Amino acid sequence: MTTMTLAQQIITIALCSLATILSRFIPFLLFKENEERPAFVQYLGKALPSAIFGMLIIYCFKDVSFIEAPHAIPELISVVFTIILHMSFRKMLLSIAGGTACYMLLLHFIF
Amino acid sequence: MRLKALKAAFPYTIPIFASFWFLGFTYGVYMNVSGFSFVYPLLMSIVIFGGSLEFVAVSMLMAPFAPIQTFIMAFMIQARHLFYGISMLDKYKNVGLKRLYLIYGMCDESFSINYSVEVPKGVDKGWFMFFVTLLNQFYWVSGSTLGGLLGSLITFDTTGLEFVMTAMFVVIFLEQWLKEGKHYTALIGIGSAIICRLIFGASSFMVPTMVCIFLLLYFFRKPIEKAGGLI
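First to last, the protein sequences are chains H and S. Numbering follows my numbering, with no gaps: position 16 of the first sequence is 177. Numbering follows my numbering, with no gaps: position 3 of the second sequence is 5.
Note that these hints are calculated values from the structure, not bench results. Everything numeric in this text was worked out from a predicted model, so none of it was measured. Incorrect hints may have been included.
As the list claims (entries may be wrong) - Example chain H residues on the side facing chain S (calculated, C-beta under 8 Å, incomplete):
| id | residue |
| --- | --- |
| 1 | L167 |
| 2 | G206 |
| 3 | I218 |
| 4 | Y220 |
| 5 | I244 |
| 6 | I245 |
| 7 | I257 |
Stated by the list, open to error - Think about it this way: if two alpha-carbon atoms lie no more than 16 Å apart in a straight line, the pair counts; the simulated EDC-like pairs of lysine to aspartate or glutamate are:
| id | chain 1 | residue 1 | chain 2 | residue 2 |
| --- | --- | --- | --- | --- |
| 8 | S | K93 | H | D224 |
| 9 | S | K184 | S | D126 |
| 10 | S | K228 | S | D159 |
| 11 | S | K95 | H | E196 |
| 12 | S | K100 | H | E194 |
| 13 | S | K6 | S | E177 |
| 14 | S | K95 | H | D224 |
| 15 | H | K252 | S | E227 |
| 16 | H | K207 | S | D92 |
| 17 | S | K181 | S | E120 |
What the hints assert, rightly or not - Pairwise CB distance ranges (calculated):
| id | chain 1 | residue 1 | chain 2 | residue 2 | range |
| --- | --- | --- | --- | --- | --- |
| 18 | H | T164 | S | R223 | 24 to 32 Å |
| 19 | S | P225 | H | F272 | 38 to 46 Å |
| 20 | S | T161 | H | L179 | 31 to 39 Å |
| 21 | S | W179 | H | T164 | 33 to 41 Å |
| 22 | S | S206 | H | V241 | 37 to 45 Å |
| 23 | H | L167 | S | Y106 | 51 to 59 Å |
| 24 | H | L191 | S | G98 | 14 to 22 Å |
| 25 | H | H232 | S | S205 | 19 to 27 Å |
| 26 | S | S206 | H | K193 | 30 to 38 Å |
| 27 | H | H269 | S | P225 | 44 to 52 Å |
| 28 | S | V35 | H | F270 | 27 to 35 Å |
From the three backbone atoms N, C-alpha and C, an ideal C-beta is built for every residue, glycine too.
Using the sequences plus the hints, can you model the full thing?
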């Protein structure tokens with residue numbers, strides 16, 4: 162159970178909300194909607210997304226251990242399966258559903 | 003126009019529906035068993051709308067009151083949105099007042115879809131992105147509220163369903179990979195994250211990763227731009 166008063170709880174939640182809103186709005190406050198942006202910012206806008214998507218994949222694996230059994234094998238098999246599905250059919254939903262089903266079946270029956 | 007955009011947006015959000023209901027439900031149950039009413043996950047999912055922070059916020063609420071520490075920690079967890087914003091400056095342009103909500107609701111998944119999906123012809127871009135964001139938040143709010151209401155009453159075997167999010171990011175990454183001419187920045191992202199994960203551990207590697215990515219992009223700007231291939 163929490164030991165905070167209701168007011169303290171509200172402040173804690175409000176601060177989490179404020180931090181989130183700031184993190185999302187800051188770039189849009191720094192650079193106005195229709196003004197020419199510095200070349201470096203334009204470059205970042207193009208260079209960042211691929212780096213971010215790469216980072217997000219690793220983020221999904223942050224709690225997976227390669228040392229302890231099953232050594233991330235189900236994850237790796239399922240990622241490879243997702244990639245094969247996607248390269249074969251290029252259907253986003255099919256690749257995601259197939260990859261997830263593969264992972265669930267592997268966990269359920271094998272690992 | 004709105005209905006058409008909603009219809010076009012919905013299919014792209016189906017994987018997020020599965021994942022947000024699953025994760026949101028888990029989060030709601032977690033709050034429930036920690037002694038909080040369903041009103042907490044309901045309101046927190048509306049005003050915060052950031053999965054990882056909401057989980058951490060539960061332990062913040064259980065700990066002694068520490069507002070400054072709470073704010074700093076919350077901002078560090080959410081700092082990756084700064085990168086999303088920089089990438090979305092152009093996409094979230096000229097869409098009227100909806101822009102405010104698009105930015106407010108820019109979670110990992112809404113950003114990923116809105117950045118990578120080419121809006122179908124004849125569909126209004128602003129409303130399409132608006133509905134992607136709104137549907138995603140609706141899934142998250144309803145899932146977490148349900149979890150908070152039902153608590154641990156219902157259990158069913160969903161082991162592994164969380165992989166739906168990984169699979170979605172893999173597919174989006176792959177699409178981006180196929181579209182771009184050179185892969186330097188993709189490799190910078192993956193490499194920085196792996197190295198920082200190994201050095202800093204699972205709970206605190208994201209901010210170092212972002213710093214790393216930023217510095218690499220800054221110092222290698224010339225060769226990266228010269229090589230071309232950025233979309």
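Hints, one by one, checked against the model:
Interface restraint check for L167 of chain H: the shortest CB-CB distance to chain S comes to about 11 Å, outside 8 Å, so the restraint is violated. For G206 of chain H, the suggested interface contact is upheld, since its CB lies about 5 Å from the closest CB of chain S, less than 8 Å. The closest approach between the C-beta of I218 of chain H and any C-beta of chain S is roughly 5 Å, which is under the 8 Å cut-off, so the hint is satisfied. This hint holds: Y220 of chain H has a C-beta 7 Å from the nearest C-beta of chain S, less than the 8 Å allowed.
Hint status for I244 of chain H relative to chain S: holds, with the closest Cβ pair at about 6 Å, below 8 Å. Nearest Cβ of chain S to the Cβ of I245 of chain H: about 11 Å, over the 8 Å cut. The hint is violated. Evaluation of the I257 of chain H hint against chain S yields a held restraint, the C-beta minimum of about 4 Å falling below 8 Å. Restraint check for K93 of chain S and D224 of chain H: the C-alpha separation of about 33 Å exceeds 16 Å, so the hint is violated.
Taking the CA atoms of K184 of chain S and D126 of chain S, the gap is near 31 Å; set against the 16 Å cutoff, the hint is violated. Only pairs whose Cα atoms come within 16 Å are accepted, and K228 of chain S paired with D159 of chain S is rejected, the gap being roughly 51 Å. Simply put, K95 of chain S and E196 of chain H have alpha-carbon atoms about 11 Å apart, close enough for the 16 Å limit, and the pair holds. Distance check on the hinted pair: K100 of chain S and E194 of chain H sit about 13 Å apart at the alpha-carbon level, within 16 Å; holds.
A C-alpha spacing of about 25 Å is found between K6 of chain S and E177 of chain S, which places the hinted pair above 16 Å, so the restraint is violated. For the hint pairing K95 of chain S with D224 of chain H, the CA-to-CA distance comes to about 37 Å; that exceeds 16 Å, so the pair is violated. About 31 Å separates the Cα atoms of K252 of chain H and E227 of chain S, which puts this hinted pair outside 16 Å; it is violated. With a CA separation close to 10 Å, the supplied pair K207 of chain H and D92 of chain S stays within the 16 Å bound.
For a cut-off of 16 Å, the pair hint linking K181 of chain S to E120 of chain S stands: about 12 Å separates their Cα positions. Taking 24 to 32 Å as the suggested C-beta distance range, the pair T164 of chain H and R223 of chain S does not conform, at roughly 50 Å. Remark: the range hint 38 to 46 Å for P225 of chain S to F272 of chain H is upheld by a beta-carbon distance near 43 Å. For the pair T161 of chain S and L179 of chain H, the beta carbons lie near 36 Å from each other, so the given range of 31 to 39 Å is met.
The hinted range of 33 to 41 Å is not satisfied by W179 of chain S and T164 of chain H, whose Cβ atoms lie roughly 49 Å apart. Separation of S206 of chain S from V241 of chain H is about 29 Å and departs from the stated range, judged on CB atoms against 37 to 45 Å. Under the hint 51 to 59 Å, the C-beta atoms of L167 of chain H and Y106 of chain S, about 25 Å apart, miss the expected range. Look at L191 of chain H against G98 of chain S: about 21 Å separates their beta carbons, and that is inside 14 to 22 Å.
Remark: the range hint 19 to 27 Å for H232 of chain H to S205 of chain S is upheld by a beta-carbon distance near 22 Å. Take S206 of chain S and K193 of chain H: their Cβ atoms lie about 34 Å apart, and the range 30 to 38 Å holds. Judged by the Cβ atoms, the range 44 to 52 Å given for H269 of chain H and P225 of chain S holds: they are separated by roughly 47 Å. Distance hint for V35 of chain S and F270 of chain H: a CB-CB separation of about 30 Å, consistent with the stated range 27 to 35 Å.
This entry does not satisfy hints 1, 6, 8, 9, 10, 13, 14, 15, 18, 21, 22, 23, going by the numbered hints stated previously.
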